[in-house]
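Given these sequences and hints, build the entire structure.
Here's the letter readout for the chains.
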Amino acid sequence: MARSENDIAIVGFAQMKPERRSQHTETEMLLPVVNDVIAQCGITKSDVDFTVSGSCDYLSGQAFSFVQNVDAYGAWPPIRESHVEMDGAWALYEAYVELLQGHLDIALAAGVGKNSNSDPSTLYTIEFDPYYLTPLGADPWSLAALQARALLDSGKASERDFAEVVAANRARGKSNPNAQVTGDYSVDDLLSAEYVRNPLRKHDLPPVSDGCAAVILARGKRAYDLCENPAWITGIDHRIEAHLPTMRRDITVSESTKLAAKGAGVDKDPIDVAEIYAPFSFQELIIRDALGLSDKTEINPSGGSLVANPVMVSGLTRVGEAAKQIMNNGKKRTLAHATSGPCLQQNIVCVLEGDK
Amino acid sequence: MTDTHESVFNLTFPFSRTLGSTLSTFFSALAQGQIIGVRTGGRVIAPPLEYDPNTGADSGTDYVKVGPKGTVSTWTWVPNPTHLHPLNTPFAFAFITLDGADTPMIHMVEVESESQLQSGLRVEARLKAPGDCQGRIDDIISFVPATDPSPSAGAGEPYTPPAELEITEMDSYCDLNYVDNASPSTILWMNALMQGKMIGQRCPSCTRVYVGPRGLCCVCAVEMDESHLIDVTDSGVVTNFTVITPVQYHGQTETEPFARCSILLDGTDAVMAQQSILDVPASEVRVGMRVKCEWVPEGERNVDDIDNRGRGSGGGCIRGWVTTGEPDEPAENFIERMM
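Residue numbers (this note's numbering), protein chains in the order written: chain B, 1 to 356; chain Z, 1001 to 1339.
Watch out, some of these pointers could steer you wrong.
[Claimed, not checked] Partner residues aside, some chain Z positions facing chain B, computed with beta carbon under 7 Å: (1) 1007; (2) 1077; (3) 1218; (4) 1220; (5) 1322.
[What the hints assert, rightly or not] Partial list, derived from the structure: chain B residues whose beta carbon lies under 8 Å from chain Z: (6) 27; (7) 66; (8) 74; (9) 76; (10) 79; (11) 82; (12) 83; (13) 85; (14) 134; (15) 224; (16) 242.
It should be emphasised that the hints constitute simulated quantities derived from the structure, not laboratory data.
Glycine residues also receive a C-beta, built at the ideal position from the N, C-alpha and C atoms.
The following block contains the structure:
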């Protein structure tokens, strides 16, 4: 299909190999990745018209760390820059909207998170409702486990299904050089582990990862200067539900993902590959159901976020991996999903297409 | 010489949150032993919200008595409570729909073991004594299995709040622990300071010299490492300053107005920030003043306070800076340098 000057493509993707504990600050992690993605596209930093990142100061515990991270872009002379306190996938959405306005041609979207400085079971208590949840120390593992138990009680899935998601992703992760936790695991062995939060075992939880990722987007025919096979964003939508999980009609389905998938046009043509951001194993089952994918769609060839989960990065990595399938692997139509908030509160669905 | 360094810090700060009319009504009723919800959009939400999350409409004031008994619809087990959980022995989190309510709440259930938990379990609230209530959701201590599973008496009846609400604010504390590890460039700086040396990194692209090492040039976006290190002198010029009148917050040791200066070491391009001048009163500090580092004697130095967050901090290795008595430096010698 001929592309117009209003079409936006992903033309480059780079990531740091996620680590359990990086020796570097967020800024130091980010700089080589930014330089890598710019070099891939054959441009220099002065060609980038707009830069936006996603990160969270509470992760490293350093106020205004997102401002220091600007040092990774070489922001002199001063650059156009923005920041979201969200996963980099939402930064990508902002970059996409910025380019759609038609004044700028090239944007860089990044995500960075130094997760190893803090304990996820305590840190994220402060992102929840400050009146009814935070004073209880309601932690993300517990909230996810409440959703998992409801899914089991609904009869739609079993604990064995959860373990199968883990085994499949860790096995696929073996061929991903950027995976952190990979290997061949027997479902029976996984099921013999202790619960961390019944019915979730340690392997149902995401690993703790430090990392970052960056993509370059380009508008219209400029995309072909930067990439032989641009991954065109033909649909992108994000939807949010009520913050308190108790206010959702049915916590075992993801209405926001269903609507975002419809908005992004997922069902218009078959999807070759889908990269799903399900931080907890069972959430992949909920998202797969909501996306309405056929059995022919390959799910998470990268191993997804169960093999590496740098928070603030993992969603953008899904988009980058889905784009790579078009840019490097000749796939025709791929999908990336990203989530944020307790119990899959909000979800982005992005459909990418190649020219071939 | 060290090659790893971790700093542990605790992020603590208090909040006093105003509760607004709906939550003040809820917490004031709770302090009287009554749990309430609000009827809005054809259903009873308990605990009440100011708005209907489906529509965003004001929930209004159609308050309804709910509980104290309710039914568990989903649950999980917390075998090792953290310092942020109000209970310090293993407990369950659960969705509990109180009698008279249509939506569940998240709260804690206390049972001997997780084997006693199941969807449909009837539970009953344990409340703090009225005088102990603080306007927090943990004024409900927890839920326990109901001794009598029959419906709660009075649930669903209208609730009329008193004219004056007893509780209108809640206190809460952010209390988070971090373990940061010093980056390679911070460790180079620590080791130099322990030896009584000032060091910097010279950008291979623009030749700017940064004190202390930053691991990168923020103008050129170029990585720097040990190969870019250079020794620099420990004397320089005050390029800027501010005089601070101390507020006696926790940890403040200064009692009189004091100056904090930016100091540019000779031959470098990025200042050391937040430095103190030891031999001149705050009122006499001026831009252009020549200064020299006063080191803590070898053997008494430490880098306990140095981490990735304070570039150019001298930690427990330098006492501060003293004037050299040389003539002031003209501004053209230090303009267009970096923070």
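- Query: Can we keep the residue 1322 of chain Z interface hint, with Cβ of chain B closer than 7 Å?
  - Reply: Violated - the Cβ of residue 1322 of chain Z stays beyond 7 Å from chain B, reaching only about 31 Å at its closest.
- Message: Given residue 76 of chain B as an interface hint, is its Cβ closer than 8 Å to any Cβ of chain Z?
- Response: Check passed: Cβ of residue 76 of chain B comes within 5 Å of chain Z, closer than 8 Å.
- Does residue 1007 of chain Z pass the interface check with chain B, least Cβ-Cβ distance below 7 Å? Because about 10 Å separates residue 1007 of chain Z from the closest Cβ in chain B, which is outside the 7 Å limit, the hint is violated.
- Message: Quick check on the hint: residue 74 of chain B CB to chain Z CB, less than 8 Å?
- Response: Hint holds; residue 74 of chain B Cβ to chain Z Cβ min 3 Å, cut 8 Å.
- Proposed interface contact between residue 83 of chain B and chain Z, which counts if any beta carbon pair is under 8 Å: violated, 16 Å
- Message: Hint residue 1077 of chain Z vs chain B: min CB-CB distance below 7 Å?
- Response: holds, 4 Å
- Item | Evaluation of the interface hint that places residue 224 of chain B against chain Z, nearest CB under 8 Å | Cβ of residue 224 of chain B sits 26 Å from chain Z, so the hint is violated.
- With a cut-off of 8 Å, does the beta carbon of residue 85 of chain B approach a beta carbon of chain Z closely enough for the hint to hold? Violated, because the Cβ-Cβ distance from residue 85 of chain B to chain Z comes to roughly 16 Å (cut-off 8 Å).
- Message: So, as I understand it, the hint says residue 66 of chain B touches chain Z; can you test that by seeing if any CB pair is closer than 8 Å?
- Response: violated, 14 Å
- Message: Quick check on residue 242 of chain B please, does its C-beta sit within 8 Å of some C-beta on chain Z?
- Response: holds, 4 Å
- Per-residue hint verdict: residue 82 of chain B, partner chain Z, C-beta under 8 Å: Hint violated; residue 82 of chain B Cβ to chain Z Cβ min 18 Å, cut 8 Å.
- Item | Status of the hint placing residue 134 of chain B at chain Z (closest C-beta pair under 8 Å) | holds, 7 Å
In summary, the structure is inconsistent with hints 1, 5, 7, 10, 11, 12, 13, 15 from the numbered list given earlier, while agreeing with the others.
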